[in-house]
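**Q** Two chains, two separate frames, one set of hints: put the complex together.
Chains as they are written, first to last, in this note's numbering: chain H, 1 to 256; chain X, 257 to 510.
Quick caveat, the hints were computed from the structure, so don't treat them as lab data. We put the CB at the ideal spot given by N, CA and C, even for glycine. Everything hinted at is true.
Here are the in silico distance ranges between beta carbons for each label pair: (1) Q270/X with H108/H: 23 to 31 Å; (2) E26/H with L372/X: 24 to 32 Å; (3) T174/H with Q431/X: 54 to 62 Å; (4) E241/H with Q270/X: 48 to 56 Å; (5) S281/X with E4/H: 56 to 64 Å; (6) P396/X with N171/H: 28 to 36 Å; (7) N171/H with A395/X: 28 to 36 Å; (8) P21/H with S386/X: 26 to 34 Å; (9) A395/X with R210/H: 42 to 50 Å; (10) T398/X with S131/H: 22 to 30 Å; (11) S386/X with R134/H: 40 to 48 Å; (12) Q270/X with K183/H: 49 to 57 Å; (13) S281/X with P197/H: 49 to 57 Å.
From the derived model, a few chain H residues whose C-beta atoms are all more than 12 Å from chain X: (14) E26; (15) A107; (16) D235.
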Amino acid sequence: MRSEVLYESPTHSWIVMGRDPDKRDEVIDTNEFAIVTPEGTLLPDPGGIEIFPRVLSELTRYCSPEDVVALFASHQDPDIVSSLPMWLDLCPNVKTYVSWMWTGFIAHFAMGRAASIIEIPDEGMPINIGSRVRLNAVPAHYCHASGNFSLFDPASRILFSGDVGAALLPNSETSLFVEDFDKHVRYMRGFHQRWMPSTAALRSWSKRVRALNCSMICPQHGAIFRGEDVTRFLDWLDALEVGRLTWDEAAPSKAA
Amino acid sequence: MTSSLLELNQRVNQVFGVCVEVQNSARPLKELAFQMELLARNGVVHAAKLGRDQGGSLGVLTQFLSELPSAIEPLVADIDHRCRKVAGAISHCTHVIRVYGLEVQALLDIARRHGLSGDDVAFRSGRDLSRLTRALSRAPLTVTERRSVSAIAARVEPHVQEVQRLTHEAHGSIQEVRLLLDDLHATTRTARYISQCVRIEVARIQGDAERFVSFGDRVAATVDVLEERLTALGRIAADGQRLLSALERGVEER
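This is chain X alone, in the form it adopts within the complex (with noise of 0.2 Å):
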């Protein structure tokens, strides 16, 4: 292959790379989601034992804690899903790639067989793909080489919109991922603020009120964890978008 088919082709891989790294950093926000309901259903049940006046406004609280992890797991598992789209159409277009690259070397040959170099050009985009045979059909092939020249192009031609079309829906499918990711966010940023509140309320109860302040401290803690996991989740998406980004914009463009 040229060597800007291989880099775009590494290019390519780097961003498959970030679609494992994302599947692998989301899947455990399953598990801290499950904790935090746990911890939530025990705040419950010590809300009730607290009775109605001391414990009303914790129970509610805490009722709508244990609530909010069942909101994650259905984004964390569209993240999955969108991840294994992006890794399917990176893989794809690997292949596309390589096969695209091996048939432009063919033609590359024949071209230096005739005089021709082609090493200047990046064969991202059909244009350099033109430049290369319309230099081809200038020069003085045989009639069986320029059959095999129309043929090679007519079979490549496809591969370069292809290419174009995968990283396109692997773009798409990235920029889902940072949508779902924000709306997980908003959804810690409310658990944090509920155990806030449950710390609010603890401050004015008597009696038993040790047990509510680990609770709101262990409660502040998961979701501290779950907001540093959707930070770095965030950078290594945002990676994968500015990759794909750069590849759109290197395959259209050049």
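Same shape as in the complex, but just chain H (with noise of 0.2 Å):
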């Protein structure tokens, strides 16, 4: 697996880890993030169990297991976040924020560890990682689940959009950032037009992320979008009809 620091700074750095080599290839590939601080660390998006290891491995290099404070889950499926009771068995007091609608679903995951799961109300919330580190539940609903959160860092403007921007890409393609937005379109189509259930909702979502001028934008699968990559996928989002099911558009594998 191999990780950058995306964002470093005295009170905080965000961490990619992705591009595993040794992952099994039926397994979606995914990006893990970490928001390391000296009062702890937050994981968005922890990943799936089948990645625990190499996750937690690649962790180590930044900090301490122990120094997990909180999880955020940006909805409830397992490549999100059913991890979740490797996490409880090595930090027991983690926090893990989710969408009102799924603590009780992703409670399934805790395989009857006590989790202390806090619900993120629709409108979203601030969540803070010890004193300095400010963070912005952003809402996402129906994109793609109906219960959706994006997580925003105003200190270095680097929004987690959770499937938002998501793009299946081939193994050849092994950069963490988009180098080629007019090539990376088409890794990202079918997936937006087959996942995302509602045009509406990404308007609204990509209306409320331009007002956050974000300096990177980071999917949970594919690339991160910075710098001039950050406008041209939310103008190419604003253009994207989805929910509408065409069959030979839908299929994600022709559209890769």
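**A** Next up, the structure:
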């Protein structure tokens, strides 16, 4: 698994971990992130149980597992948070932030361990890591889950977008960042058309996100948008119609 | 998970299969016992019809036979209860091995990053884990990595103990199942003996003997089936015990 520091300041740093060459082919590739502060670490979408050992070992380059104080789940899918029991085993006091809609659902992943799950209300909420880092859970409902959030860091202006901006990349695409936006579109289109149920919801999200003036948009699958590609991505999203089930366009393997 | 832990998990799952097999095979015993009870009660009625002179001893034997099935039912219920206990311990054990395996895998990934290999380690004992953490303590780890290894190892160690505790618990329960099967065997042996006594008594009867010959044969046939099932069950339980003994040795001694 590769990892890179996306942002570093005296208060905190953003780490991305991904492109795991040892991952089994049938397991969808995911990007894992860590927001490391001297007062604790938050893991946005900590990932599936299948990739847990490699995420944990890679994370130890930047912090100890006992430093992990919070998990943020953009939604309830297994690739997002099925590693929950493992994190609870290592850090029994960890807090898990998730939409109020999914608290009872992700509790099924806890495997008998007591999980401190904090409901995020529909309008979003601030999430603090210690006393100096304040993040915001930004509503992303129906993009793609009905209760869905992005996570914004006003200091770095990095937005963790969950499945919005996700791409199903072939193994040959090894860069963690989008290098050629026009080429990258082919890996995103099918995913968004099938996994995003509502064009109106996407437009609403895009409007909210434009106002944040993001430096980077970090999806959970695919590559990170930075610099001008942030605006390019939002423009592309604003022109995209989703939730229309046309079988030829729907199959992501064809789109890829 | 490491191949050694995957193998351990597979063997633990085999024990789960044994439990299910014992439970499934033990349940029809109740039905057989009920059939025997019906036959015996029928025998009591027929013996009464023969009158005190000819049917007296037959009446006592069939009455005794009719009471035997009631001894079988609690034994079968107890076997079912113990098997559920073993299955519960085993399914929890599988879960602990999975968690343990994933955490060990993370430690191995850190080791590989520093050019160490842990592929030869079975990770079935605290000693195996210590070997890896000792090797890691000599590697040029960063301060954060050192803290991480200590934190992960501290969580892994209790999992090894938990696997040992659960396999030991399961082993105890399967031993109890075997003892209960021995008790069942003793009961069926008594039933066979009484059915033979019935046949001897029938030879002395004049007149309505035919009905009792068939009664003795049917009881003997039911006992045959019961014993056949019990022998098969004994074999399955013995397999389970052997598996658990091997697991206990594997977990504790390697």
